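Fit chain B to the given chain Y structure using the hints.
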Amino acid sequence: MLIHRLNEDSIEFTDVEPIEADLLRQIPILCDVHGDSRAESRLFSTPADPSQTQFLTDWEEYVRPELQHIFLSARTTVEKDLEKMEERLGHPSRLVILCSHGEAWLNALNQARLVLANKFEFTDEELSLHEVPRSFSRRDLVLLQINFYAAIQERIIDGLEGCAEGDEKEPE
Amino acid sequence: MAETVAEKETKVEIEAPWNVVVHNDPVNLMSYVTMVFQKVFGYSKQKAQKHMLEVHYNGRSIVWTGVRERAELYVQQLHGYLLLATLEKSD
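Respectively, the protein sequence lines represent chains Y and B. Taking our numbering, the leading residue of the first sequence gets 492, the next gets one more, and so forth. Taking our numbering, the leading residue of the second sequence gets 75, the next gets one more, and so forth.
So here's chain Y without its partners, still in its complex pose:
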């Protein structure tokens, strides 16, 4: 898979292999933390020490719903973009996203990585490791998935450099 700037306002994913397409489709699904308290506590981390009672109460009442909206909106954007992926059976796929959707992609990829990291309780050391694992247990594969999403984030960040912001033209 290659990710690069297509033009002034779009980023293109080319040669997306079926397994990569499948991993991309998992992003919005992974973002759904419903019932996973560990993942939820990371996505909605505490913004101050417990002495800030009023601030924390207001945060829960007003800010948390706003954050939920931001995270859900990012997921939905990615979901809708993925629906437009050009797929031909047995052939690599192609996906074009608007630069203005870049932040939503980064956010959703972060959500997915945070959820996986929390669910499988990866340590800081494991997450910083970029070696090919010796075995391929479920855990090892999830770590590869987290790193795959990180690599996509890096390419999107590169692609966003100098992108025209707020342009809503449909991709080619």
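Just so you know, these hints were derived from the structure itself, not from any lab. Mixed in with the good hints, there may be bad ones.
In silico contact screen, one side only, chain Y against chain B (beta carbon under 7 Å); selected entries [unchecked claim]:
no., residue
1, A539
2, V554
3, I561
4, N601
5, R604
6, L607
7, L618
8, Q644
This structure is a prediction, so every number in the text was calculated from the model and none was measured. Ideal placement from N, C-alpha and C gives every residue a C-beta, glycine not left out.
Here is chain B on its own, set in the frame of chain Y:
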């Protein structure tokens, strides 16, 4: 005749500043954190990278100091980007 003006004493209480602190998190990429600092605070790439490296090596960085209301808003924005940010009273 000269007018007598009573002098009023005005006390202005200066509130202690508040810090916006970002904490290290192994999941957030260095390039992503730099990009977020640039977007939220309007920092140059160099300044954003300086704070990102502080977070990475020291575990935390005070990314902004000032009035509470604005600090709260920054913390909120950083949480929207999934960064571990907290509001702390400045010493």
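Structure-based check of all given hints:
no., hint, verdict
1, A539, "holds (5 Å)"
2, V554, "holds (5 Å)"
3, I561, "holds (5 Å)"
4, N601, "holds (5 Å)"
5, R604, "holds (5 Å)"
6, L607, "violated (9 Å)"
7, L618, "holds (4 Å)"
8, Q644, "holds (6 Å)"
Checked against the numbered hints listed earlier, the structure breaks hint 6 alone; every other hint is satisfied.
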